[in-house]
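Trainee: Add chain B to chain A, keeping to what the hints say.
There are 2 protein chains.
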Amino acid sequence: MRTYIADTKNKVGESVELFGWVQTIRDQKKIKFLILRDISGVVQCVVFGNDEALKVVESLTLESVIKIEGTVKAEKQAPGGIEIAVEKIEVLSLAAPELPIPVIEKTGEVDLAKRIDWRWLDLRKPERKLIFDVWTAMEQAFVDYCAENKYIEIHSPKLMSAPSEGSAELFEVKYFERKAYLSQSPQFYKQMAMAAGFEKTFEIGPVFRANPSFTSRHDTEFTGYDIEISFIDSHYDVMAEEERFIVAMLTGIKEKHGDKIKEFYNRDITVPATPFPKVTMEEAKKILSDLNIASTDDGDLNPEEERKLSEFIKKRDNHEFVFVTDYPKSVRPFYHMRQESDPNVTKSFDLLFNGLEVTTGAQREHRYDILIQQAQEKGLTLEPIQFYLNFFKYGCPPHGGLGFGPSRFVMQTLGLENVREVTYLYRGVKRLEP
Amino acid sequence: MRTYIADTKNKVGESVELFGWVQTIRDQKKIKFLILRDISGVVQCVVFGNDEALKVVESLTLESVIKIEGTVKAEKQAPGGIEIAVEKIEVLSLAAPELPIPVIEKTGEVDLAKRIDWRWLDLRKPERKLIFDVWTAMEQAFVDYCAENKYIEIHSPKLMSAPSEGSAELFEVKYFERKAYLSQSPQFYKQMAMAAGFEKTFEIGPVFRANPSFTSRHDTEFTGYDIEISFIDSHYDVMAEEERFIVAMLTGIKEKHGDKIKEFYNRDITVPATPFPKVTMEEAKKILSDLNIASTDDGDLNPEEERKLSEFIKKRDNHEFVFVTDYPKSVRPFYHMRQESDPNVTKSFDLLFNGLEVTTGAQREHRYDILIQQAQEKGLTLEPIQFYLNFFKYGCPPHGGLGFGPSRFVMQTLGLENVREVTYLYRGVKRLEP
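First to last, the protein sequences are chains A and B.
Reminder that position 121 of the first sequence reads as 125 in our numbering, one-by-one numbering, no gaps.
Reminder that position 389 of the second sequence reads as 393 in our numbering, one-by-one numbering, no gaps.
So that you can see chain A by itself, here it is in the shape it has in the complex (with noise of 0.2 Å):
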């Protein structure tokens, strides 16, 4: 029966079987020295008097798995006040000897192209396995607040005849005699859940962008969460519903891994106060010319007008997080809504969180003579997009919705600075393995 290793520090006298890595070795001779790490945590284990074990050790390499069976001893001078004395040590699994990037003794920092080579050894440090801890917390509490709120779930194909999102960035594939594309987004099928009546959905899936730039912002592969809900008033639904599902974000991630977080990352994890700080573009526009920050552009916000405006509203409201609105019909796609008061103005957002936008949202056009105008407008041609027009044929509500980025999300919340560090196995222009 297995012990884990957290859990030897309430069986003092008892004896235990442990299962985990070879952290680090001491050899002296007659007495040897283990550290062993399981998912739980480390502990010294103590080889002496015990040939056939003391042979094992002899043997052992650096991350090798193994399987101890031991007595729990109270020992002042060991890590955690905890030592075991090793009576059997069994070898699951010999690593090669030279391991190619250290795991946990460190000798200087790595590369981080040569961390994704070796993934795998990368991730057996604990702060690296922390940060999908906290993406299965922040998963978790999506998945519940949206259940617990009559969302319906849906997985979208990936596989289609048409881009969501125009013919940039796209992937194409040989679909047995014709062509298939690779989606960059579920936007339409996740409208086509609003004209099914579903009128609130959610999907958490993958999303293909053949983005060839190399940033530390950017892949060609990512996780995307999105919601759309019907019968809502304007894109302000909308933000009101993503400051709920990240106030229950941040309060799962907190109470399963706060601690983690501040022992590792350094970090504080706040619990965001609705409803959250919001400027209009023009607004913030004006904010930032005020602050001498030069705009390169109109209608959007560059990378630094992002992290500059986030300073400004984290100084003068104390928050996180600030939603920018109504973005000019320019850098909007044709399916955003446009405002009634300003027909060059879409009912639009996106949400920046602390200096990285992390969402981009608004209320869509359900009318269809209205959307085939607007599509026409941007110079798209109907007819690949005519299965989704038809969407919007017979019934369909007025509805919203957005779609998040959880991957820039983690990295905000433990303020790391590379898309890379928080993605399971980065994918982008030179990188398919492992």
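Identical chains blur together in the list; that is why a pair holds if it fits in one copy or across any two.
No farther apart than 20 Å at their CA atoms in a straight line, the calculated lysine to aspartate or glutamate pairs in the EDC-like style are these:
1. Lys397 x Asp121
2. Lys34 x Glu91
3. Lys183 x Glu173
4. Lys92 x Asp237
5. Lys260 x Asp148
6. Lys204 x Asp11
7. Lys434 x Glu176
8. Lys204 x Glu21
9. Lys290 x Asp346
10. Lys258 x Asp148
11. Lys282 x Asp346
12. Lys33 x Glu91
13. Lys282 x Asp237
14. Lys319 x Glu287
15. Lys71 x Glu94
16. Lys204 x Glu131
17. Lys282 x Asp294
In short, the hints are calculated from the structure, not lab data.
Please read these numbers as outputs of a predicted model, since none were measured by experiment.
Mentor: Structure of chain B alone, referenced to chain A:
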């Protein structure tokens, strides 16, 4: 402030705002009746002595989306004993007059292919929507089970440099200057999580199979649930884990939707007793031979054999599930571990649910040398999978896992015959739209 239709029964005498789809129009000139449908139910609305509202109804079409302001009245004649006396109707989305398929009012059975052409109309039927409510409850139960039991969630890449399940049925992607392949399962990458020391991991995501067949069980893209766990003794530990999460799923489904499943599908959801019945492949063949069921394959069960075996177990053990274990190595992939007592037999299993296979699982071979030997024996070229083989070089614990088919599970839960019915948007050889 919106009132859901199901809540009107608690608001007799009150003014309400309802939103929904026009399901029926009954025009008796001076008095007109509508049946309005939203996500929560249907209600009769009566328009009388209100010229403006009467005029709106005159140009109304079936399945249009409207907003109704009115007063809730108790009315014995009306379905559910409730009627809305309409004060105002606003048309939010006028449906084109000719529906391509009937939505609620029956005009005979519609061909499945045609229903999928107009899937969003097909899904408006409450019994179809229920399929995805069931799916949502199942998936929430699975996520909660995993998260509460310290699983770490991963989202592994769907773009790969090499096939994970052999080179048959593989979709090829144009990936910048080279080729990529769509993932046929997260097999390699969930095993990587074991090498990374995650100990328990799960994934929910799409899998792709370029399967040219047109059967009721096959599609080119579907959702898979996967788990992988470390430090197991054998495949029996994996089966025990599956029993627990299936109990959690069926408990969730029964609690949330048991009544509706009874109403629409006339099925009683049974939370199964544990442990589930288990028979080895050898025993299964013996049972089937005693029943005079012809075998077409020595090492595997054909669909007829699966059905008959499940019927036998249902009769003998009163159980809807049966694990078939210990498949011969000839029908299992190279990474399945073989038994010490008989190296021709693998430590593997399938799970049948009322006669349909819903899971394949096994203990994996974690010993580098033996794994290579087994890959070579299966005729695999090692070079393209060297990145995978490397996972086992630097300490990898004994582990096993399974792939679970949620669509098939929902089919069997509701007694549906075709995977197209339980897939939000089916993908097949000739089907990339909508």
